Amino acid sequence: MYDYLYRIITYHFDSSTTLLGPDPTTQELKQATKENVSNHTFVKYEITLPGVSSNSVEETITLDSATRIELSCRLDHKYSSLKNFQVTWKKGNETIRHISKTEKSWSIQLEILDNSNLGSYNCTLKGEEEISAVFHLQVPKIEGKEKPIVSYEGDTAVMICKSFGYTPIAWTWYVTNGSEQNAINDSLLPDKYAINRVSANVTHLKVLQLTKEDDGVYWCEAAFDLGKSKGKLKLKVLSFMVPLKPFLAIVAEAIILVTIVFLYEIYSKRKEKCAEDEKEFDQVEQLKSEESNGLENSSTRHRKI
Amino acid sequence: MSPPSPPDGGWGWVVVFGAFISIGFAYAFPKGLAIFFKEIQDFFGTSYSEIAWVSSIMLATTYGAGPISSILVNRYGSRPVVMFGGLLCGIGMVSAAFCTSILQLYICVGFITGFGLALNLQPSVIIIGKYFLKRRPIANGLAMAGSPVMLCTLAPLNQFLFDNFGWRGSFLILGAILLNCCVAGALFRPIGAATASVKTQAIEEGKAALKEEVTKDAMEMSSPMNVPTETKTEEEGGKDCCEKINQYLDFSLFKHRGFLIYLIGNVLMFLGFFAPIVFLAPYAKHIGIDEYSAAFLLSILAIVDMIARPTTGIVANSKWVRPRIQYFFSFSIAFNGACHLLCPLASGYTGLVIYSVFFGLAFGMVCAMLFETLMDLVGATRFTSAVGLVTIAECCTILLGPPIGGTLIDTFGDYKYMFIKCGAVMVLAGTFLFIMNYYNYRMLAKEEKERKAKEEAPKSVRTENEGRNNWNKETAQDGPELEPLREEQEGLKKEVNGTNEV
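These protein sequences, in sequence, are chains A and B. Each residue of the first sequence is one higher than the one before, counting from 1 in full-length UniProt numbering. Each residue of the second sequence is one higher than the one before, counting from 1 in full-length UniProt numbering.
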């Protein structure tokens, strides 16, 4: 009796949706495979075929080490009216023998041992119309950084690559020189490069004593059982003059504004003083005249109210 | 000396603009730095908590250096202190651009820039009290609105600088931008003794006497009560140690009933004030919302906050609320707490958006009135020292708040306990403030009655009373344009009462 590790991922598609990329359940599957590594373990993937639609349905499966998998195509029961069709499983141009597990599902079993076993496998239903689904088998993707890392001449740059979920066997770093990619050997140039595997899934590349020539594209490559995967990083090396210009511009602006504020204050104080002197003079005059009128004025004030 | 009727306008609005910039930088800058942390963490190879210390040290220094700020303002006035603070911030960030270790970052960004921001924050708040009285809540609300506006500006700006210049270049340019605090400081024209004496001499009797009578009344009322700090500077010889210290930092405030109430209430409140903001985005991600929508929640909060602060200022300035502003403040704290308590009930993105809107509103209301209520309780003269003492006390709880929240989240694995804790603490603080302020208002009213009774007895003051009564008659018949002045007189009375010691 085979001991199957059985998980079905069922996707129901309309003509408007296609599913690409790793899905959360793949994680569980990967963990599951790690737990039970026995010769009789199959991981199952299944796609439910949409009806009569022109869109091809796809699924991406990420594998990092040797496994046995079973890929199935199943026809949804609402299309049970379809009869007289032929099912073929192909990889590229090569046809693979399949098993018909039920009346409406067909599957192939594969042993993925090395890179050549990876690729795209599709199942096609040829009847009055043609319906197909594709499984993409690939190694885990490594994410680099989309935005360039900015650093300065004479400074150090640290570039980091991470693998999510899968542990690579080894990491290698490449620097792009013109159109070539040269591997970075940190033992050869210890004053320039330092490669550090900080943890199983993370690698650091430190580039010391940066110069303009260090500017460019770097690649970090993770080696898995089944193949290699690359992540891209960009390094930008700037001279210190670059931020210095906006810095000086803003400092100049601040100094100018402070000067303007102080000058305006001195100016308005002088104006005020002149105006006050005039006012004082006027008021002194008026007080003198009021004193002579005296009581009359205050009583008039009351009367007005 | 209480300044002769603060201008309540004119150059005051320019000062509000300067304070807007200054306060904005002081509050928003530490939060805006978070964008650089990931890169710096990778660069120095440290853990996230070590980087987070930079922010904590900065915040702690900004609040902890409050008393020093107060002492300097008492001695030199707001303007030189703010300009020096701006310069210090600039120097701190420029030297941070050349740092080679995380410890140097702690010093340059944490201590030096933090201290510079402290020298920005306190004097800005103080000078508003010197320029405004009738419209002070509006001025406070507008100035405090600087914080969310600056945050909304700094966040994308920091991202732009980071993408183009890396973290070192960004720190350099940010240092230059912080020098603009010096510009804000230059706008803080000193106001007080010098300008006043000229005016009183020139317009003693006759025409504009009404305004002067208000001043005279105020001065006569205040002189028996609080010995003003500025006249003391003139008679320095032959004083004992305590008085000299009190001249720089008024420790006698600890005997002031209103001040103590405010201090206890606020220290309690800050335990739960900032934690929800820190954990809002992680909470959103935790319940399954994507990163950009989670960040958008904070933007909603900031925008509502921006509108809420000046609006609260206007509401607090209205004649119904102004006399009872302490109740309004307690209400907004309790409202804030209620929001947090209801947050765990919010399900899905729509619920969180509604929570963000109300939280932004409550947060803005509290912040707008934070310093206004303190000014209302202790009066403009003692506010300088009061704000320093309050900030250093709040410093501890502000720093403790988010880590306690974080511990709760880690222990229980659920965010709702953190919200419940914050909500409960704030509702408690709000209720405490409400009850204690009710008591305080009653005591103030009683003391006012006693003082009036005392004043009516001696003959020497009778003429003043008559004069005041006549003036009151005049105002009653002169109509609306003098109404605000009469309110001002009552406002001054309240201030003076506020300086009463228990």
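It is worth saying that the hints were derived from the structure and are not from the lab. Treat the numbers as computed from the prediction; the structure is a model and nothing was measured. Just so you know, not all the hints are guaranteed correct.
Below, computed lysine to aspartate or glutamate pairings styled on DMTMM-like, alpha-carbon distance capped at 20 Å [stated by the list, open to error]:
#1 A:Lys232 <-> B:Glu291
#2 A:Lys145 <-> B:Asp163
#3 A:Lys236 <-> B:Asp42
#4 B:Lys38 <-> A:Glu290
#5 A:Lys279 <-> A:Glu290
#6 A:Lys234 <-> B:Glu50
#7 B:Lys38 <-> A:Glu146
#8 A:Lys145 <-> B:Asp42
#9 A:Lys145 <-> B:Glu291
#10 A:Lys236 <-> B:Glu39
#11 A:Lys206 <-> B:Glu291
Status of the hints after comparison with the structure:
1. Distance restraint check for A:Lys232 and B:Glu291: the Cα-Cα separation of roughly 23 Å exceeds the 20 Å cut-off, and the hinted pair is therefore not satisfied.
2. Between A:Lys145 and B:Asp163 the CA atoms are separated by roughly 12 Å; this keeps the pair inside 20 Å, and the hint holds.
3. Simply put, A:Lys236 and B:Asp42 have alpha-carbon atoms about 16 Å apart, close enough for the 20 Å limit, and the pair holds.
4. Distance check on the hinted pair: B:Lys38 and A:Glu290 sit about 76 Å apart at the alpha-carbon level, beyond 20 Å; violated.
5. For the proposed pair A:Lys279 and A:Glu290, the alpha carbon gap of about 16 Å is at most 20 Å, so the pair holds.
6. Distance check on the hinted pair: A:Lys234 and B:Glu50 sit about 27 Å apart at the alpha-carbon level, beyond 20 Å; violated.
7. A hinted pair counts as satisfied when its Cα atoms are at most 20 Å apart, and B:Lys38 with A:Glu146 qualifies at roughly 15 Å.
8. Distance restraint check for A:Lys145 and B:Asp42: the Cα-Cα separation of roughly 13 Å lies within the 20 Å cut-off, and the hinted pair is therefore satisfied.
9. For a cut-off of 20 Å, the pair hint linking A:Lys145 to B:Glu291 stands: about 17 Å separates their Cα positions.
10. Distance hint between A:Lys236 and B:Glu39 is fulfilled; the C-alpha atoms sit about 14 Å from each other, no more than 20 Å.
11. For the hint pairing A:Lys206 with B:Glu291, the CA-to-CA distance comes to about 29 Å; that exceeds 20 Å, so the pair is violated.
Hint violations for this structure: numbers 1, 4, 6 and 11, all remaining hints satisfied.
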